[in-house]
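Going line by line, the protein sequences match chains U and S. At position 61 of the first sequence (counting the first as 1) the number is 61 in our numbering, and the numbers step up by one without a gap. At position 249 of the second sequence (counting the first as 1) the number is 1249 in our numbering, and the numbers step up by one without a gap.
Among the hints, erroneous ones may be present.
Claimed, not checked - Derived DSS-like pairs (lysine-lysine); straight-line CA-CA distance at most 30 Å:
no., chain 1, residue 1, chain 2, residue 2
1, S, K1347, U, K127
2, S, K1331, U, K134
3, U, K127, S, K1110
4, S, K1065, U, K91
Simulated from the structure, these hints should not be mistaken for lab results. This one's a predicted model, so the numbers in the text were calculated from it and none came from an experiment.
One letter stands for each residue in the lines below.
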Amino acid sequence: MKTTFSAADRKGWMSLLATADEARLTELWQGCGIDPVCEWLRPPEAGGVMVRGRMGGTGAPFNLGEMTVTRCAVSLDDGTVGHGYVQGRSKAKAAMAAKIDALMQTGAAAGVRKAVLEPLAEERQAKTSARAAKAAATKVEFFTMVRGED
Amino acid sequence: MYVAVKGGERAIENAHAWLAEERRGDTSVAELSLDQIREQLSLAVNRVMAEGSLYDPELAALAIKQSRGDLIEAIFLIRAYRTTLPRFGYSQPVETGEMACDRRISATFKDAPGGQVLGPTFDYTHRLLDFKLAAEGEVPEAPVSEPRLEATPHISEFLQGEDIIEREPSSDGVPGDLTREPMSFPAGRAVRLQSLTRGDEGFILGMAYSTQRGYARNHAFVGELRIGTVPVEMDIPELGFAIEIGEVELTECETVNQFKGSKTVPPQFTRGYGLVFGQSERKSIAMALVDRALRWEELGEDNVGAAAQDEEFVLSHADNIQATGFLEHIKLPHYVDFQSELELVRKLRREAAEMAETLAAREAAE
Chain U
1 MKTTFSAADR KGWMSLLATA DEARLTELWQ GCGIDPVCEW LRPPEAGGVM VRGRMGGTGA
61 PFNLGEMTVT RCAVSLDDGT VGHGYVQGRS KAKAAMAAKI DALMQTGAAA GVRKAVLEPL
121 AEERQAKTSA RAAKAAATKV EFFTMVRGED
Chain S
1001 MYVAVKGGER AIENAHAWLA EERRGDTSVA ELSLDQIREQ LSLAVNRVMA EGSLYDPELA
1061 ALAIKQSRGD LIEAIFLIRA YRTTLPRFGY SQPVETGEMA CDRRISATFK DAPGGQVLGP
1121 TFDYTHRLLD FKLAAEGEVP EAPVSEPRLE ATPHISEFLQ GEDIIEREPS SDGVPGDLTR
1181 EPMSFPAGRA VRLQSLTRGD EGFILGMAYS TQRGYARNHA FVGELRIGTV PVEMDIPELG
1241 FAIEIGEVEL TECETVNQFK GSKTVPPQFT RGYGLVFGQS ERKSIAMALV DRALRWEELG
1301 EDNVGAAAQD EEFVLSHADN IQATGFLEHI KLPHYVDFQS ELELVRKLRR EAAEMAETLA
1361 AREAAE
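So that you can see chain U by itself, here it is in the shape it has in the complex (with noise of 0.2 Å):
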């Protein structure tokens, strides 16, 4: 059974899979109790990509260096398409992602959602917000001193 979702959806799971901590993914998977037959359409392979940044920030594109992606392609039975698209080497990693991707798609959505992607969601969410709050507290108060000279 399919279910319906937008790219921009599907486009934030995929982003969540691709940096997930890889333990904590095979743990939230594993919970999820669901490991669906598959065949794959493209066996997990490693590559580069090479990142590119902006002169000036917002100007000219140039190569920054290459960062390492491990990439895969997933059928289910009723031919739904899965893709893993992850950062680093990890080839289970990428397996995982391309069977959950593949599953957003059909009936098991709403269930994968809650088991895996809203925990990774809430603990990313938590990470980003400590290491902001300790960069805050270096935040510099700046207080001018008061000069005898007037």
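Chain U is already provided as a structure; the job is to place chain S on it using the hints.
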């Protein structure tokens, strides 16, 4: 004549076995794990990623362990590994204006929106050895404060309002890639920046320092220095849209430099730019100074003959793997080359001796 020699296999094998043993060191001391290197020697990991030109902290940690902490050797290992990876594509340019900043300072504007955020810096430490670190102990948690939720704007934006600083012409042109085509000169700014960001930190630092000491001085202020993470997005053809494929930590430096103006341009500040993988502050500032020095021609400045203005000199010598490869190869067997040199010098000496004898005989006869 020379005789080709074979051999040395056993010596080489035994040397490598001893290397492995020495790498491990005293086995009564606990072995280093890659996690320990990644977490506790993270600035070394960052340097290996930046100069190895491959963002992967686990691989960089492995390379550091394998190279016994010789970072140039580690960078060499990463560069070699990198060539085995299929290239999936190019990312969209990262948006550093959207960076989740750990650190963001400006030496030019005290009250910049977003403020002066020091982050986990060595600045203002007294550079005294901390003997507490020699003993194991708990680290107190860093204090926290109300986090800033919105993105921190680039400081150069504020100067651009007045047009008092040059604008960076935006474009979506395809930049040259020195990992795909050999470098040729003039290289253009995109390839220069690619070369500088993966260049040797010591070399870039030395070049930048030379501009500060007066060889093509360009009066740089650090307009902004920021460190933090940015998402990396790439278009995925099979999906038809872009997704985030990961996240990288970057250090970005924008310098604000003096400029006199010209017949066509009123006086305004110019810019130098540094962007480096990881927390790599020194490298990023140095990169911005060298970038600015190399822009002399496009800004209509004089070439004063300084090394930092010479694109061919800077870019051809910035890569520590090329440099060390050529430098260190001279220690490998050159028996045949040397044999021919030896023959030549012997012949020249024989000729010189004969000449001296002839002259001496002639003088004696006269």
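Does K1347/S pair with K127/U here, judged by a C-alpha cut-off of 30 Å? Violated. K1347/S to K127/U sits at ~74 Å, over the 30 Å cutoff.
Starting from K127/U, check that the Cα of K1110/S is at most 30 Å away, please. It holds: about 29 Å lies between the C-alpha atoms, which stays within 30 Å.
Keeping to a limit of 30 Å between CA atoms, is the pair of K1331/S and K134/U held or broken? Violated, at roughly 50 Å.
Under the criterion that the straight-line Cα-Cα distance not exceed 30 Å, is the pair K1065/S, K91/U satisfied? 23 Å, holds
Of the numbered hints stated above, those contradicted by the structure are hints 1, 2, listed in ascending order.
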